[in-house]
Every structure is written in C-alpha cells, then in structure tokens.
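Novice: Chains as they are written, first to last, in our numbering: chain A, 1 to 101; chain B, 1 to 101; chain C, 1 to 101; chain D, 1 to 101; chain E, 1 to 101.
Accuracy of the hints is not assured; some may be wrong.
Identical copies look the same in the list; a pair holds intra-copy or inter-copy alike.
[Said to hold, decoys possible] Derived DSS-like pairs: lysine-lysine, alpha-carbon spacing no greater than 25 Å straight-line: (1) 95 - 18; (2) 90 - 23; (3) 70 - 5; (4) 70 - 90; (5) 18 - 38.
Since the hints were made in silico from the structure, they are not lab data.
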Amino acid sequence: MKLGKVIGAVVATRKEGKMEGLKILVVTYLDESLYDTKQSVACIDTVGAGEGDVVLLCSSSSARVTQITKNVATDTTIVGIVDLICLGEKRIYVKSRGDLN
Amino acid sequence: MKLGKVIGAVVATRKEGKMEGLKILVVTYLDESLYDTKQSVACIDTVGAGEGDVVLLCSSSSARVTQITKNVATDTTIVGIVDLICLGEKRIYVKSRGDLN
Amino acid sequence: MKLGKVIGAVVATRKEGKMEGLKILVVTYLDESLYDTKQSVACIDTVGAGEGDVVLLCSSSSARVTQITKNVATDTTIVGIVDLICLGEKRIYVKSRGDLN
Amino acid sequence: MKLGKVIGAVVATRKEGKMEGLKILVVTYLDESLYDTKQSVACIDTVGAGEGDVVLLCSSSSARVTQITKNVATDTTIVGIVDLICLGEKRIYVKSRGDLN
Amino acid sequence: MKLGKVIGAVVATRKEGKMEGLKILVVTYLDESLYDTKQSVACIDTVGAGEGDVVLLCSSSSARVTQITKNVATDTTIVGIVDLICLGEKRIYVKSRGDLN
C-alpha cells in the first residue's frame, strides 16, 4: 500500500460502477519521509478519513476487497488511517487527535 | 481513480474483446492542479462524457466493473463526470453547463 | 487502452501459458500526438495487425478478456486496429488501405 | 517480484479489508545492485520479516495469493526473506544471522 | 509482455505463497533495441531459462496463468525464451545454441 494525505474531495453526480453514495477523496502520495510527492489520486474512502489524515491506499483489484467497495469500480481505495509510522527507532509520524482513546 | 479531460475519440472497425458498439474516447491525464500532464489514454466511456469534460478514470480489472464494460477488454474506463473538485476550502473546479438541474 | 504502432515480431519456440500458435508482435507506444515514445512491449495479437498499423493495447487482467487470449499468459494484448483518431475537430490519424470497404 | 529492505512499520488502528492483526511494514525498494531507490511502500508481512531484512515483494492481485492475505485488501505483500542473490558467479548478497541452520 | 535478460538468481529459504521448489531468477529489462535498462525484477521461471537468455516476462495476474504458477504468489513470470526478434526486415536478435533443432 502507498501512503497518502487527504487534501480534498470530488463530486460527480453522473457516475457508474456502483459508486453512488460513496465518498471520493483526493489524496496526494507521500514518500517515505512523508514529503508530498505532488502526485495525487481520487479514492473511495472506506474508513471515514478526513482532510489532513495520513492514509493507507490500496490499488488494483485489491481496491475492491473491502465490504464497502465490493463490486465497485474503484482502482484506489483508502483502507486505513495511519496513527504511527516508525523508521528504525524514530517515530516519523504520530497522529494526535481528540477522539483517540 | 485518476482525473482526466476528454480531448478526442478513436474509431477502430476491427476490434476484439466485446468492444463492438462502445465509444472509445481519448483522455489526457490531469494533475491535482488540473494541469494537463500531456499523457493520454484511450478509454471506454460508460457515462456519456463529451469533449472538455473532466472525468474519473478507473483502471486495471476495476475498469471492467461496470454494467457496460463487464467482460469487455478494457483496462481504462470513464466511470464518472466530475462536477466539483475541492482542495481544502477552495473549489478548484466547477462544471457549469446547461443540462444540470 | 494505450495506442501503439506495430514495429516487429518475436519468435519464442519454448514458451508456457497456452501461448502456442499465437502471434507475438513488438509494439512501440505512441503519445497523444502519435509520436513514438521509444518504449516498446511484446503483445499477443487478436485482430490480425500488421507492421505499421496503429493499434489499441489492452493490459493487465483485461489482456485476457478476448476469445483468443482466454487463459493465456499475456499481460498486453492488441485488441483493435485504429482507423481514425480525432482530437477536437482535427483528424490526427486516418488509416488508408486497400482492403477497407 | 521486486526486492526491498525493511526499514520500518506502520500502525493504523482504524482500517478495513480484513487487515486486523496483520503487521504492516515499510519497505524501501532496492535496485539490482541492492542500492536503496528511495521509493518505499507499506506491505503486509507473511514471513516474519524484521528490520534490515532483504525481502521479496509481490504486488497486484498476486499480493493476496498467500494463506495470510487471502481476501485481505493488500496490493503489496512480503512473500520471502532473501538469503542469497547471485549475479553471474558473484554473490552480491548473503544474509548472515544467528537463527539460520 | 516485456523483454528481459536473465542475469542472476535469488535464494529465499523462508517464503510464502506456494513458492517452494520454484526457481527465482533475476532479470534485467531490455528496451526495444535490446539495451539493458538497468531495471531488474525477480521472476518465477516456467521454461527452464538460463543466464544470458532473452526472455518474455508476463506480469500482474497473468503471471499466474501457467501450469507452474497457478495459485503461486508471483507478479512476474518468465513465460518464454526468445529465439528471434525482427524489427521490420532486420533481425535484431537471434539466439544461437547447441540444443536447437
């Protein structure tokens, strides 16, 4: 899976492939140092991601292997919201927000 | 899904893979700022897209997950016509045309 | 699908994946202006394409979605011979040959 | 399969696609000389890989063809820990660690 | 399929995805002029390829469409040993070896 950051949303009233009612977010890919690669993609969200969240993106046929995207015409799906990324001993990303237990 | 803009069409009288009767459009990929990347692709259209439309492109096996492209030899399918793209608070694209309700 | 131009052929006597008897052509990818990208690929031909033909290439699992390539180990298949490409009002490619009706 | 080196881990408490309980590692791709390409990917681990291990990465739908990742929304899976890489007569990589028999 | 040249081998004692007993070769991709692109990949061999052989590589789910790789976690498989490549009238590659009839 690639890492990305949610930066926006797409609205498409005319669409196909069982996409009705699904949220389409714009995500920019991050490199291993979490720098913005300036390459983005439109994704179906399955985990309630919001703007600024660092997310896990699953592509190809695996993008359809979630309860929400089964039989949906998606080639890139958000399958996780990242809480922590460690490289060696170093925590390079820690998500901090109110609703975490 | 990637974002693209319809710029043309392809006619192929001799074709395989249940493509008979399906419209093949030429679409140029757009980056997140909606600039033309100068890379294009031929796609099966499932939503009645026209020239100039900003569209959602679905690739790989997911390109076949629509009613129209089931069992069709397509690796890139137009699955939505984009009405609105927001990055943060900013609307970077608004589709305006007569036939919208 | 990507656009390509047939430039040659590959002969492989020892092969696997139900490829026996199928023609393998070398195709160079074309960009939207039909310039040669100098990147090429070996493809199974399903439409009787010949050298110089501009063709539609279908990749990934969709490369197997034709009568000829069902269950064949191909990741890129020629699925159409292009007759006409229009960008806006402009015809950028017209195939002209004797055997067209 | 591509070659990579394990450099870290990702924790995501909110996730979809039957990923619960699976370890997600950060792997940087290596080129044929085993140099770090500075491009990384998040992968499901199926072989107990640890930091510093050189691993085999399997992508696309094949990433789901292991006992652990069947029906899991993964597009890149670690499917092997590399012990030895030979280019011609030359051993360019030999894994040496205590728990090898 | 892409063209490649076998340059080495990988040994991995700990592996998953029904890879036991299968030979994993290192292959460098060739461009259309058969120049080494310096990009390589680890592949399952299904045709008995040896070092120096020019081979056909099949990727994605099609990499599993051979008798040997059915249900195997491979995303790139060697599916043919190339004997001859012609571009136009010119033979740019002819394999010459003793065991050819």
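Novice: Each of the hints needs a verdict: does it hold here or not?
Specialist: Going down the list of hints, with the structure as the test:
1. 95 - 18: Only across copies: residue 95 and residue 18 sit 22 Å apart there, 32 Å inside one copy, limit 25 Å.
2. 90 - 23: between (34 Å within a copy, 18 Å between copies)
3. 70 - 5: Only inside one copy: residue 70 and residue 5 sit 24 Å apart there, 27 Å across copies, limit 25 Å.
4. 70 - 90: neither (37 Å within a copy, 32 Å between copies)
5. 18 - 38: Intra 29 Å, inter 30 Å, cutoff 25 Å: neither.
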